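Enquirer: What follows is each chain in one-letter form.
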Amino acid sequence: MFKKFSAADASGQSILKSSVQRSIRATLLSQMNWDAETLELVWPKKEALVLVKCRDHISIYTVQGEPLFFQHFDGPFFPTLRLLQKYPSLLPKVQVDRGAIRFLLAGAHMMCPGFTSKGGWLPDADAAIPKEKAVAIFAEGKDHPCGVGLTKLSSEEIKSVNKGVGVEIVTYLGDDLWSLKKL
Amino acid sequence: MGKKKNVQPPPPSTSTLPDSIADGEGNVVGEGAVVEEVKKEGVKPLEVLYCQGELRYPIDVGCDDDLVIVCSFPPEFCEFGSSLTRCKAWLHEEHPDLFDKYYSEDALVEKTALLSTEAATKLEKDTAKKEAKAEAKARAEEERKKEAKVIVKRIERNKRKYVTSISGLEAFGIDLKKAAKLFAQKFATGASVTKTVTGGEEIVVQGDVSDEIVDMFEEANESSKESALKGVPEDNIEVVEEKKKKGGD
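Chains as they are written, first to last, in UniProt numbering: chain S, 1 to 183; chain G, 1 to 249.
The hints are simulated quantities; they were obtained by calculation from the structure and are not laboratory data. Predicted model, so just to flag it, every value in this text is computed and none were measured. Ideal Cβ positions, reconstructed from N, Cα and C, are used throughout, including at glycine. Careful, some of the hints might be misleading.
[Said to hold, decoys possible] Taking lysine-lysine and the BS3-like style, the derived pairs with C-alpha atoms no more than 27 Å apart in a straight line are: (1) G/K130 <-> S/K133; (2) G/K153 <-> S/K86; (3) G/K88 <-> S/K181; (4) S/K182 <-> G/K153; (5) S/K86 <-> G/K230; (6) G/K230 <-> G/K153; (7) S/K4 <-> G/K130.
[As the list claims (entries may be wrong)] Partner residues are not named here, just some residues of chain S that face chain G (Cβ under 10 Å, in silico): (8) F77; (9) R102; (10) H144; (11) C146; (12) L173; (13) K181.
[Unchecked claim] Derived, one-sided and incomplete: chain G residues facing chain S with beta-carbon distance under 8 Å: (14) P45; (15) F73; (16) F77; (17) L84; (18) T85; (19) D126; (20) A128; (21) F172; (22) L176.
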């Protein structure tokens, strides 16, 4: 999504209405694994949320110029990778094996075998991740998440199908959203 | 809070025993502390270290700022980045403990154990290739900057009326909006940033001011003051003239 992206792709910035901000705050709390106090640290109540509209219906939300979340159409909210690395537990965790890292950092979608092989990790059946859900992608032998993805199959399906795209990458370490520190 | 008020008044009225008062106060204090804690709690963000290893190209083009690419990955991912050798050097200098963790003999052995030797050598080759690629890219960028020309064009608008267009400023990292404002202020005329057909942006200043503009660029380079026009070498400025084609009347 952000393989090729620059500040020039942003077509306009606007401060959101406070009622919209309130609803976004509620959605963020329901979609991600954190409490109101933690969100308060990231996005203080006093700071206004700025919506940056970009090409292809991507909206990036920034606080004091720093991108924090983004969204495609009306889809789920994704934290930016920098935010995710500060709060790794925001999203459910999946892990790919070592061989997949270099493809991940080139922006490729993650295939199922990368999760099911020895270095990969998926949650157990009782904590299964449904499909079309935002996930944090970790890598074998690394402490920090290195990508944010959207599951195309549920975690159980990934295990059983074990073929083709399992998680689509929305942002990854080293893409243009990563290099963009301020908007 | 409501509870606190309910608890506190009774002791003085019902009994004057110091024990019960102390008890009540103790409770109150305890409760208050708990409430406060809950309020302030919030998970502190993890401190993430970002690699500052950089590729640097001090090729003399008459500009002060060299082209610098900072790795910016967390150090554990540097091996997949495009400046591994420099990242290693940086980490070794700034965070020797981390360097040992990631690049010591043991760590390397562990790493290769996870991969077959074949894949390992391939990966190594890949990183070397990537590094070379990034270097080449940076060179090309530098080259382009060297070649880039700022074109100051005098356009005849209406027999004795002219506008001046300045294009090619983007390559030198100049803020077009600020520059346009500066021109407008200096010449007391309109100056606007417009999109060209080719996709770039140019500044159009009303009036024939091409010579003055060239002077302004020179001045900005010479003076030590911050200026929106700084950073364009004199040799890269080209002045051209565009005459209106004679309309057949």
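Enquirer: Now look at each hint and say whether the structure bears it out.
Expert: Tested hints:
{"no.": "1", "hint": "G/K130 <-> S/K133", "in the structure": "violated (33 Å)"}
{"no.": "2", "hint": "G/K153 <-> S/K86", "in the structure": "violated (50 Å)"}
{"no.": "3", "hint": "G/K88 <-> S/K181", "in the structure": "holds (23 Å)"}
{"no.": "4", "hint": "S/K182 <-> G/K153", "in the structure": "violated (34 Å)"}
{"no.": "5", "hint": "S/K86 <-> G/K230", "in the structure": "violated (38 Å)"}
{"no.": "6", "hint": "G/K230 <-> G/K153", "in the structure": "holds (19 Å)"}
{"no.": "7", "hint": "S/K4 <-> G/K130", "in the structure": "holds (18 Å)"}
{"no.": "8", "hint": "F77", "in the structure": "violated (18 Å)"}
{"no.": "9", "hint": "R102", "in the structure": "holds (5 Å)"}
{"no.": "10", "hint": "H144", "in the structure": "holds (5 Å)"}
{"no.": "11", "hint": "C146", "in the structure": "holds (6 Å)"}
{"no.": "12", "hint": "L173", "in the structure": "holds (6 Å)"}
{"no.": "13", "hint": "K181", "in the structure": "holds (9 Å)"}
{"no.": "14", "hint": "P45", "in the structure": "holds (4 Å)"}
{"no.": "15", "hint": "F73", "in the structure": "holds (6 Å)"}
{"no.": "16", "hint": "F77", "in the structure": "holds (6 Å)"}
{"no.": "17", "hint": "L84", "in the structure": "violated (12 Å)"}
{"no.": "18", "hint": "T85", "in the structure": "violated (17 Å)"}
{"no.": "19", "hint": "D126", "in the structure": "holds (7 Å)"}
{"no.": "20", "hint": "A128", "in the structure": "violated (13 Å)"}
{"no.": "21", "hint": "F172", "in the structure": "violated (17 Å)"}
{"no.": "22", "hint": "L176", "in the structure": "violated (12 Å)"}
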